[in-house]
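Model the full assembly from the supplied sequences, consistent with the hints where possible.
Protein chains: 2
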Amino acid sequence: MVETSRRREIEDAASLLFREHGYSGTSVRDIARALDIQGASLYAHVTSKQDVLWSIVQRTAERFEEAADAAVGGAEDPVPGPGSRLAALVRAHVEVVTDDIERASVFVHDWRSLSVERRAEMSRRRDAYEARFRALVAEGIEAGTFAPVDPAVAAAYLLTALNGIVAWYRPDGRLRPAQIADAYADLSLRAVLAVENED
Amino acid sequence: MVETSRRREIEDAASLLFREHGYSGTSVRDIARALDIQGASLYAHVTSKQDVLWSIVQRTAERFEEAADAAVGGAEDPVPGPGSRLAALVRAHVEVVTDDIERASVFVHDWRSLSVERRAEMSRRRDAYEARFRALVAEGIEAGTFAPVDPAVAAAYLLTALNGIVAWYRPDGRLRPAQIADAYADLSLRAVLAVENED
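Residue numbers (our numbering), protein chains in the order written: chain A, 1 to 199; chain B, 1001 to 1199.
Errors might be hidden in some of the hints.
Computed beta-carbon distance windows for the label pairs [to be verified]:
(1) Q38(A) - P1148(B): 51 to 57 Å
(2) G1039(B) - R7(A): 39 to 45 Å
(3) G1039(B) - A178(A): 50 to 56 Å
(4) R1118(B) - Q38(A): 34 to 40 Å
(5) D12(A) - P1148(B): 35 to 41 Å
Some, not all, of what chain B presents toward chain A, calculated at C-beta under 10 Å [to be verified]:
(6) S1024
(7) V1108
(8) H1109
(9) S1115
(10) A1156
(11) V1166
(12) S1188
(13) L1193
(14) V1195
Chain A stretches covered by chain B per the calculated footprint, using a threshold of three residues with CB under 8 Å from any CB of chain B [unchecked claim]:
(15) 18 to 26
(16) 53 to 64
In case anyone wonders, no lab produced these hints; they're calculated from the structure.
For each residue, glycine too, the CB sits at the ideal point set by N, CA and C.
Right, here's the structure in full:
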């Protein structure tokens, strides 16, 4: 479906409502009311509430993937070490989350409300994204830069911490997105870095 | 309301359904059907779906608080350092989450569906719990044991990572609760520990 500014408005309104009331707790009528239009007019732009959710979740998945590609897929020579790449991946993720906290929240919480087939597709895509973290952690362990953690556990730990930003971030809050990105990159990198134990 | 075994069964069934379909996506009729009883019989034990949610969330909050008290409130002399206490706090949290993953999931995701007054009460209680992490991080920084992180950011980071376990833990999965507790305590402690930089 072609992205129009009206459709963008519909998805903005839906993201706000899904975030506040959940997907199940929001009706097409609620979305129409938030836009001050009739439910019938809404159906000129979207086929169903599920369609709106799918569009939001898909587009947000793309943004995470594109940001991760840009952060670590560069043609830098020599390739930066796993620590630098992990920090870049964390920053990229935090930037996508804080740039559109409503859509990020829907992505994190409401993707489970997708229909069975779409949920399976998104599950594969989320797993492929998480695999970037797992592979980088494994590479860092191999290189001796990272502590011998379980890469799958560490990847789950890091990603849920990053996604947890949707629970507390407020655009008018004390911290700017760049400060959060810095702090989260530091915490995440330290969490996996091998420590020279001096005790 | 007195806790009876029937009521316990109702809350078990409700926790499973809330986890799978969310609070809004679950009806009292769904809960009754899961227990193979009539909706009317259910109302002999609970006054509303909201009442069931409140009971689950309250009891789970108590379990987190009691576990944290037991983990760091001991009369050990000398008092263990902030690092040991943070690791103990993390372990205690992970144990409560993995011990009843359905209730933990409802606690993490569905508490926002509480009525306004209850939500405000639970919000205060969650904040007091998070304050234990903030205070411990601040104490560790003061002692020079922890890196100079923002204690509020670090506490949010750690707690959302810990709560993120509800998104992936399966009792029949590869890892036992004690292994997850060990791995999460290591990751969390390293995330805040001051590193002797040798570069």
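To test your reading of the hints: which numbers does this structure violate? The structure breaks hints 9, 16; every other hint is satisfied.
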